[in-house]
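Here the protein sequences come in this chain order: A and B. Each number in my numbering corresponds to the 1-based position in the first sequence with 8 added. Each number in my numbering corresponds to the 1-based position in the second sequence with 51 added.
These aren't lab readings, by the way, just hints derived from the structure by calculation. A few of these clues could be false.
The calculated DSSO-like cross-link candidates involving lysine-lysine, where the alpha carbons are at most 30 Å apart (straight line), are [as the list claims (entries may be wrong)]:
| # | chain 1 | residue 1 | chain 2 | residue 2 |
| --- | --- | --- | --- | --- |
| 1 | A | 238 | B | 397 |
| 2 | A | 238 | A | 213 |
| 3 | B | 314 | A | 267 |
| 4 | B | 280 | B | 257 |
| 5 | B | 338 | B | 395 |
| 6 | B | 338 | B | 257 |
| 7 | B | 386 | B | 405 |
| 8 | B | 280 | B | 338 |
| 9 | B | 401 | B | 386 |
| 10 | B | 386 | B | 397 |
| 11 | B | 282 | B | 257 |
| 12 | A | 238 | B | 338 |
| 13 | B | 338 | B | 282 |
| 14 | A | 238 | B | 314 |
| 15 | B | 338 | B | 283 |
| 16 | A | 104 | B | 314 |
| 17 | B | 395 | A | 238 |
| 18 | B | 338 | B | 386 |
Predicted model only: the values in this text are computed from it and were never measured.
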Amino acid sequence: MTSASTTAVKKTAKKSRRLDAQMIPTIAAVVIFILMLVMGQALFGTYTRLGFFSSLFIDHAYLIILAVAMTLPVLTGGINLSVGAIVAITAVVGVKMTMAGIPAPIAMIVMILIGMAFGLLAGVLIEEFNMQPFIATLATMFLARGIASIISTDSLVLPEDNNFDWVSAEIKIIDNPKISNDLSFNMGVVIAVLVVIFGYILLHKTRTGRTIYAIGGSRSSAELMGLPVKRTQYLIYFISTTLAAVASIVYTANIGSAKNTVGTGWELDAVAAVVIGGTIVTGGFGYVLGSVVGALVRSIIDPLTSDFGVPAEWTTIVVGLMILVFVVLQRVVSAVGKKE
Amino acid sequence: MAGHNTKKDAGNPILKRLLSSNLTWSVVALIVLIVICTIFDHGFLSLSWNENTGGLAGPLITMLQESARYLMIATGMTLVISTSGIDLSVGSVMAVAGAAAMQFLVSGLNVWLAILLSLLVGLVLGCINGALVSMLGLQPFITTLIMMLAGRGLAKVITAGQNTDAGSVAGSEPLRWMANGFILGIPANFVIAIIIVCLVGLLCRKTAMGMMIESVGINQEASRMTGIKPKKILFLVYAVSGLLAAIAGLFATASVMRVDVVKTGQDLEMYAILAVVIGGTSLLGGKFSLSGSAIGAVLIAMIRKTIITLGIDSAATPAFFAVVVIVICVMQAPKIHSLSAEIKRKRALKSEAKAVTA
Chain A
9 MTSASTTAVK KTAKKSRRLD AQMIPTIAAV VIFILMLVMG QALFGTYTRL GFFSSLFIDH
69 AYLIILAVAM TLPVLTGGIN LSVGAIVAIT AVVGVKMTMA GIPAPIAMIV MILIGMAFGL
129 LAGVLIEEFN MQPFIATLAT MFLARGIASI ISTDSLVLPE DNNFDWVSAE IKIIDNPKIS
189 NDLSFNMGVV IAVLVVIFGY ILLHKTRTGR TIYAIGGSRS SAELMGLPVK RTQYLIYFIS
249 TTLAAVASIV YTANIGSAKN TVGTGWELDA VAAVVIGGTI VTGGFGYVLG SVVGALVRSI
309 IDPLTSDFGV PAEWTTIVVG LMILVFVVLQ RVVSAVGKKE
Chain B
52 MAGHNTKKDA GNPILKRLLS SNLTWSVVAL IVLIVICTIF DHGFLSLSWN ENTGGLAGPL
112 ITMLQESARY LMIATGMTLV ISTSGIDLSV GSVMAVAGAA AMQFLVSGLN VWLAILLSLL
172 VGLVLGCING ALVSMLGLQP FITTLIMMLA GRGLAKVITA GQNTDAGSVA GSEPLRWMAN
232 GFILGIPANF VIAIIIVCLV GLLCRKTAMG MMIESVGINQ EASRMTGIKP KKILFLVYAV
292 SGLLAAIAGL FATASVMRVD VVKTGQDLEM YAILAVVIGG TSLLGGKFSL SGSAIGAVLI
352 AMIRKTIITL GIDSAATPAF FAVVVIVICV MQAPKIHSLS AEIKRKRALK SEAKAVTA
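Please model the complete structure; the sequences and the hints are all you need to start from.
This is the structure we're talking about:
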């Protein structure tokens, strides 16, 4: 009896430690984010200002949404390469419609619908025609980017008094007399937070979320357990691509213009955020909240590199090396976990 | 009746083999595109002898010239994909090698040394990929994604963000010849590319190399058990891919003697993957066809040429490619195969029923 209870205790202790070990990359991401903040503050003195945080969130709300969008497919061992191109096509269509005098709410709905259509297309290609997610979303990426370029290659500017304003209008919580020290946010940030909450609930509180993790662990096992793998796969790419359209609304409203080249390379930024946040690229393990931290780490690199006077051409090398460090860290952690 | 049947059966195998081969469909697609181009531009097939360059000239020749770089990266990509990996960094490695070559030339280095060093740079980048994948066991997708990001940055660092132009550098003729010259009237870069593809093909198919690569792609652990060293093979394929990408980078930059650090090799990893998929190499690894990828690479160049000939806005190129990929992948899908098999079976049943009633 006693021996049984001790083994049980041992088991739970081991389990919790194992979980901790797998959380190391996420914890590392948090630590690195804080270290970067401290370093920035020590060297430049602007990194703890409320204004800095406000602009960090306002400027990168889209990236947080994209990170959530990318987390879903990566958790199943797939990927959605089309997110950047979806941002481009929806932004171009949305702005073009607003320029033609169509009210913003309708334009936004159309943008979301386009995202949904591409998500559905990706799902059909992956599930019905056995295409790998990589190739299927590569195809939809080319398609979306190409259609965006056919529609317009000019820089389109949102007309004045457009109804996109409500997304980007800044709301001040603390109005500081000092310059650039206001704590403010806008609806874009609110949307991003809502998306994160949605992602968290979907992944951790619903059956669909559990199925997503199961597919990531082993698709065939999930199928044998009778889980609705096919439906879930459809749902993953549908939600992921639709969220990219949401990110497009936030971003377009924020900068007030659109171009067919917008969002080039964002799929890589999103993958970077997901990986830095501790999601394992082979699937089956990761958190939405980790991806949010990853997105913040990715975001803070921009002000840091510009403050350090790092030439722009070095930025991609820094981002690349950071992903490398995190992936190696994951590898080491999982190797250590296996040995135990 | 019986005689009729046997005759049909005897005629079928060759036709069947032809129809089931991916190669055939690629060649058919190539011919269709050439026909379309000829209809739109009657001079498309015309060849003329250019006295100045000492080679043939014509739309088809420029297409072959462009296809050389796709041939190189598609060959490397084929080997990598058959180990169930992927090399997303080929485009960036092209840019790095091209940037290095141009920068070396501008700084007054001997042209042969510049070529050699830039190839070495590509090889080193490939080796880094290989080391990360084989020794650290990182995911090929992520590893080469990092190299894709970092390589693009590296190209910019090499040229300090400039688009280095070595057009006015004297003594760079060998490099120019590599991209624009002719051997017996055929574009030199195409000839070089074909020779390299053949060499790789011989190495893979006349030795056990190809089989080893495929076995690693099917099951790394099992291949290790049978005495193959998967780590060495993995390292090798990424190194080769890097080297071939560097050659492609030289082709791409030497034709204008100028590197564009943003545009050189941009999206080319996608074209390479596309060429490999068209060629019938499974993305899951374990099976590859170099000749298929080679035709795929030429087909890619032809698609681009078609877009230009038809006067389609270059902005629409990605959409055009997307449609091609989707159509090809859907055609290759097991569902379509089983569907066509089903139709055939039903037809056979019907004819049988007819025969019975008759």
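Going through the hints against the structure:
Only pairs whose Cα atoms come within 30 Å are accepted, and residue 238(A) paired with residue 397(B) is accepted, the gap being roughly 29 Å. At most 30 Å may separate the alpha-carbon atoms for a hinted pair to count; residue 238(A) and residue 213(A) meet this at roughly 20 Å. For the suggested pair residue 314(B) and residue 267(A), the alpha carbons sit about 18 Å apart, so the restraint of at most 30 Å is met. Distance restraint check for residue 280(B) and residue 257(B): the Cα-Cα separation of roughly 19 Å lies within the 30 Å cut-off, and the hinted pair is therefore satisfied.
The hinted pair formed by residue 338(B) and residue 395(B) meets the criterion: a straight-line CA distance of about 28 Å does not exceed 30 Å. Distance check on the hinted pair: residue 338(B) and residue 257(B) sit about 16 Å apart at the alpha-carbon level, within 30 Å; holds. Straight-line distance between C-alpha atoms of residue 386(B) and residue 405(B) comes to about 28 Å, which keeps the hinted pair within the 30 Å bound. With a C-alpha separation of about 18 Å, the suggested pairing of residue 280(B) with residue 338(B) holds against the 30 Å cut-off.
For the hint linking residue 401(B) to residue 386(B), the alpha-carbon distance of about 22 Å falls within 30 Å, and the restraint holds. Distance hint between residue 386(B) and residue 397(B) is fulfilled; the C-alpha atoms sit about 16 Å from each other, no more than 30 Å. Taken as a hint, the residue 282(B) and residue 257(B) pair is honoured in the structure, with Cα atoms around 22 Å apart against an allowance of 30 Å. Taken as a hint, the residue 238(A) and residue 338(B) pair is honoured in the structure, with Cα atoms around 27 Å apart against an allowance of 30 Å.
For the given pair, residue 338(B) sits about 18 Å from residue 282(B) by alpha-carbon distance, which is consistent with the 30 Å threshold. With a C-alpha separation of about 39 Å, the suggested pairing of residue 238(A) with residue 314(B) is violated against the 30 Å cut-off. Using a Cα cut-off of 30 Å, the hinted pair residue 338(B) and residue 283(B) holds, with the two alpha carbons roughly 19 Å apart. Between the alpha carbons of residue 104(A) and residue 314(B) the distance comes to roughly 27 Å, so the proposed pair stays at or under 30 Å and holds.
A distance of roughly 28 Å separates the Cα atoms of residue 395(B) and residue 238(A); the hinted pair therefore holds under the 30 Å criterion. Taking the CA atoms of residue 338(B) and residue 386(B), the gap is near 20 Å; set against the 30 Å cutoff, the hint holds.
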